[in-house]
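**Student:** Residue numbers (our numbering), protein chains in the order written: chain H, 1 to 205; chain P, 1001 to 1205.
Accuracy of the hints is not assured; some may be wrong.
Distance ranges between label pairs, derived from CB positions [unchecked claim]:
| no. | chain 1 | residue 1 | chain 2 | residue 2 | range |
| --- | --- | --- | --- | --- | --- |
| 1 | P | 1203 | H | 180 | 40 to 46 Å |
| 2 | P | 1180 | H | 42 | 35 to 41 Å |
| 3 | H | 192 | P | 1095 | 40 to 46 Å |
| 4 | P | 1205 | H | 91 | 26 to 32 Å |
| 5 | H | 22 | P | 1045 | 44 to 50 Å |
| 6 | P | 1092 | H | 107 | 36 to 42 Å |
| 7 | H | 204 | P | 1066 | 47 to 53 Å |
| 8 | H | 93 | P | 1030 | 17 to 23 Å |
| 9 | P | 1152 | H | 155 | 34 to 40 Å |
| 10 | P | 1130 | H | 96 | 24 to 30 Å |
| 11 | P | 1137 | H | 152 | 42 to 48 Å |
| 12 | H | 110 | P | 1091 | 55 to 61 Å |
| 13 | P | 1030 | H | 91 | 52 to 58 Å |
| 14 | H | 192 | P | 1187 | 38 to 44 Å |
Simulated crosslink set (DSSO-like; lysine-lysine; CA at most 27 Å straight-line) [said to hold, decoys possible]:
| no. | chain 1 | residue 1 | chain 2 | residue 2 |
| --- | --- | --- | --- | --- |
| 15 | H | 43 | P | 1067 |
| 16 | P | 1067 | H | 67 |
| 17 | P | 1067 | P | 1043 |
| 18 | H | 51 | P | 1051 |
| 19 | H | 178 | H | 51 |
| 20 | P | 1051 | H | 178 |
| 21 | P | 1051 | H | 67 |
| 22 | H | 43 | P | 1051 |
| 23 | P | 1043 | H | 67 |
| 24 | P | 1067 | P | 1051 |
| 25 | H | 51 | P | 1178 |
| 26 | H | 51 | H | 67 |
| 27 | H | 51 | P | 1043 |
| 28 | H | 67 | H | 43 |
| 29 | P | 1178 | P | 1043 |
| 30 | P | 1178 | H | 43 |
None of these hints come from the bench; they were simulated from the model. We put the CB at the ideal spot given by N, CA and C, even for glycine.
Protein chains: 2
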Amino acid sequence: MSDVTGGTPGRRRGRPPRTESAGTRDRILSAAREEFSERGYEKTSVRGIAKAAGVDSALVHHYFGTKEQVFEAAIEVAFAPALNAPAAIEEGPLDGVGERLTRFVLGVWENPTTRAPLLAIVRSAVNNETAAAVFRRLIASQLLRRISARLDLPDAELRAELAAAQLVGCAMLRYVIKVEPLASVDVEAIIARVAPVVQGHLTGP
Amino acid sequence: MSDVTGGTPGRRRGRPPRTESAGTRDRILSAAREEFSERGYEKTSVRGIAKAAGVDSALVHHYFGTKEQVFEAAIEVAFAPALNAPAAIEEGPLDGVGERLTRFVLGVWENPTTRAPLLAIVRSAVNNETAAAVFRRLIASQLLRRISARLDLPDAELRAELAAAQLVGCAMLRYVIKVEPLASVDVEAIIARVAPVVQGHLTGP
């Protein structure tokens, strides 16, 4: 699938001139991200994306393939800030990894610009099995492999997922369900309590 | 609202005979639970619930009020197993509370019968602000108050929510998104790693 979602467009039906194709592709991707964010996976159609981008549906299929593949390409871009999480793990000493990762993830959620697409992905993945499968593939291919490489422990993936569970749960209760007092407490108070837990999952006994 | 969602039906338009009303009320509630589970909050209508229960829409309004109130009554029943969580905290010694609560919550999610309605609640709350508000009220009134009473610490509610965040995140990644290896690992392996975290949040320094 990397030939479809990667930097160059698919070439099933000939190849548009390079400059035009880059602009059109980006416009479709941007429209797709907005449509998926606003409507969720199920209610979004390739036709609607094409209309929002001002192109023909056939062109969307040409560049990306199926709706599932458009979704995958769109969330790969929307998810990009979150995909920098492994950098927080890879760079710096291992005993500060809990705080770096916690700060990074909550930082992405604190920022409304990066929160909106994340929220859309979570909503789609919770509601639709195809969207969940895309999300799973992305986590496995982009996050777990790099985290495991740094931790170098046989149970590194499970450790990473339990650490992620603490952070995902915090994000759900603070930013999505908005349970008080968690929703209003200063983010530093959360980091102080959660960072040691994340550290423990990743490097503890 | 407790007069509407409580054990006895609302009495705005007269009062049906006791035995008939109990049967009808339960039938509506059961239909509501199924409709909300299958379609989520947004796509469910009072009309659809009435049809599934074989009654007139007016009767649904009579017993429960608005769609939001039907939802609140339905999830209060569907959420009942989860509402026993405070018992795991209230009963037994405080230094075993992490394991009891973890076992309890994962137990509810491991069981397909209790998992289905929970999943429906999570989906609705993630997708719809009204459903999220109902969920929030339920958590505040049913869970946090009892947990705070047992912990008797000034930050008891925040502690309870961070513990809940670890468990909610585990449930999301294991049962909803189904990320491997977390989705397939033996539940005891999760309890062994997560119970100390939950204990730490609740009673740690």
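**Student:** Decide, hint by hint, whether the structure agrees.
**Tutor:** Verification of the hints:
no., hint, verdict
1, P:1203 with H:180: 40 to 46 Å, "22 Å, violated"
2, P:1180 with H:42: 35 to 41 Å, "24 Å, violated"
3, H:192 with P:1095: 40 to 46 Å, "23 Å, violated"
4, P:1205 with H:91: 26 to 32 Å, "30 Å, holds"
5, H:22 with P:1045: 44 to 50 Å, "46 Å, holds"
6, P:1092 with H:107: 36 to 42 Å, "39 Å, holds"
7, H:204 with P:1066: 47 to 53 Å, "48 Å, holds"
8, H:93 with P:1030: 17 to 23 Å, "56 Å, violated"
9, P:1152 with H:155: 34 to 40 Å, "36 Å, holds"
10, P:1130 with H:96: 24 to 30 Å, "42 Å, violated"
11, P:1137 with H:152: 42 to 48 Å, "46 Å, holds"
12, H:110 with P:1091: 55 to 61 Å, "38 Å, violated"
13, P:1030 with H:91: 52 to 58 Å, "54 Å, holds"
14, H:192 with P:1187: 38 to 44 Å, "30 Å, violated"
15, H:43 with P:1067, "22 Å, holds"
16, P:1067 with H:67, "33 Å, violated"
17, P:1067 with P:1043, "11 Å, holds"
18, H:51 with P:1051, "37 Å, violated"
19, H:178 with H:51, "34 Å, violated"
20, P:1051 with H:178, "34 Å, violated"
21, P:1051 with H:67, "34 Å, violated"
22, H:43 with P:1051, "25 Å, holds"
23, P:1043 with H:67, "22 Å, holds"
24, P:1067 with P:1051, "14 Å, holds"
25, H:51 with P:1178, "34 Å, violated"
26, H:51 with H:67, "14 Å, holds"
27, H:51 with P:1043, "25 Å, holds"
28, H:67 with H:43, "11 Å, holds"
29, P:1178 with P:1043, "25 Å, holds"
30, P:1178 with H:43, "22 Å, holds"
In summary, the structure is inconsistent with hints 1, 2, 3, 8, 10, 12, 14, 16, 18, 19, 20, 21 and 25 from the numbered list given earlier, while agreeing with the others.
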